[in-house]
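So the number in our numbering is just where the residue sits in the sequence shown, counting from 1, plus 122.
Don't read these hints as lab results, they were simulated from the structure.
It cannot be assumed that every hint is accurate.
Said to hold, decoys possible - Distance windows between CB atoms, simulated:
id: 1; residue 1: Thr259; residue 2: Pro182; range: 17 to 27 Å
id: 2; residue 1: Ala284; residue 2: Ala211; range: 28 to 38 Å
id: 3; residue 1: Leu150; residue 2: Gly184; range: 14 to 24 Å
id: 4; residue 1: Ala211; residue 2: Gly186; range: 38 to 48 Å
id: 5; residue 1: Leu278; residue 2: Glu258; range: 40 to 50 Å
id: 6; residue 1: Glu215; residue 2: Leu147; range: 17 to 27 Å
id: 7; residue 1: Arg212; residue 2: Leu159; range: 27 to 37 Å
id: 8; residue 1: Leu150; residue 2: Tyr181; range: 35 to 45 Å
id: 9; residue 1: Leu278; residue 2: Gly208; range: 30 to 40 Å
id: 10; residue 1: Leu175; residue 2: Leu251; range: 17 to 27 Å
id: 11; residue 1: Gly184; residue 2: Gly136; range: 16 to 26 Å
id: 12; residue 1: Pro139; residue 2: Glu258; range: 30 to 40 Å
id: 13; residue 1: Ala209; residue 2: Pro182; range: 19 to 29 Å
Source: prediction; values computed, not measured.
Note that CB positions come from ideal geometry on N, CA and C, so glycine has one too.
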Amino acid sequence: MLLTAALYYLDSSGVVPWALAVCTLHELGHVAAIRLLGGRVSMLRLTCVGAELRLSARYPLGAGRQLLAALAGPAVNLLLAPAVAGAAARWGEGAFLFAGLNLALGAFNLLPVAQLDGGRALCALLALLGAGEWAETALRVVSLVLAGGLAAGGCLLFLRGAVNVTLPLTAIWLLTASPVEKARLALEE
123 MLLTAALYYL DSSGVVPWAL AVCTLHELGH VAAIRLLGGR VSMLRLTCVG
173 AELRLSARYP LGAGRQLLAA LAGPAVNLLL APAVAGAAAR WGEGAFLFAG
223 LNLALGAFNL LPVAQLDGGR ALCALLALLG AGEWAETALR VVSLVLAGGL
273 AAGGCLLFLR GAVNVTLPLT AIWLLTASPV EKARLALEE
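When you get a sec, could you build the whole thing from the sequences and use the hints?
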């Protein structure tokens, strides 16, 4: 919350409120899909890089339903982007920003990185296909390579004078979240 407040304070272009609206719609897409598929959300955790939903163990979803639930958030964003952009002439310049943020968030979340919706969807798809333990290892390697590439790209942009720190911070989170989450799960067992 502190980082979000700092970003809002430093945001001279007014992007943060639009981004929060886009993220809220994204998460509502997940929640709606989970509810429609018979699941329940047991926890919502907000972080400076997004939100995390946990499914209730009392209402489990099979791999196929988990795949649909993972894709629901990006689907909301990718469906809203052209719809809002088409209406931008009536709604003004803010609509283009809103459409662009929807497109960026939806596409970014489809990357096959373990902490993103694309990684969760890939895990569910591989489970449906009966993939073995190699699937988790492959996803971990792909996640590290993509997160490393994003971190390098974000740092390069920052060093070239880009004042937006969102990409480097998100990439660092992607690089560090997997080992931290694995350690946390090991402590809970």
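Results for each hint:
| no. | hint | verdict |
| --- | --- | --- |
| 1 | Thr259 <-> Pro182: 17 to 27 Å | holds, 24 Å |
| 2 | Ala284 <-> Ala211: 28 to 38 Å | holds, 30 Å |
| 3 | Leu150 <-> Gly184: 14 to 24 Å | holds, 22 Å |
| 4 | Ala211 <-> Gly186: 38 to 48 Å | holds, 40 Å |
| 5 | Leu278 <-> Glu258: 40 to 50 Å | violated, 30 Å |
| 6 | Glu215 <-> Leu147: 17 to 27 Å | holds, 20 Å |
| 7 | Arg212 <-> Leu159: 27 to 37 Å | holds, 35 Å |
| 8 | Leu150 <-> Tyr181: 35 to 45 Å | violated, 18 Å |
| 9 | Leu278 <-> Gly208: 30 to 40 Å | holds, 34 Å |
| 10 | Leu175 <-> Leu251: 17 to 27 Å | holds, 24 Å |
| 11 | Gly184 <-> Gly136: 16 to 26 Å | violated, 42 Å |
| 12 | Pro139 <-> Glu258: 30 to 40 Å | holds, 38 Å |
| 13 | Ala209 <-> Pro182: 19 to 29 Å | violated, 39 Å |
Checked against the numbered hints given earlier, this structure breaks hints 5, 8, 11 and 13; the rest are met.
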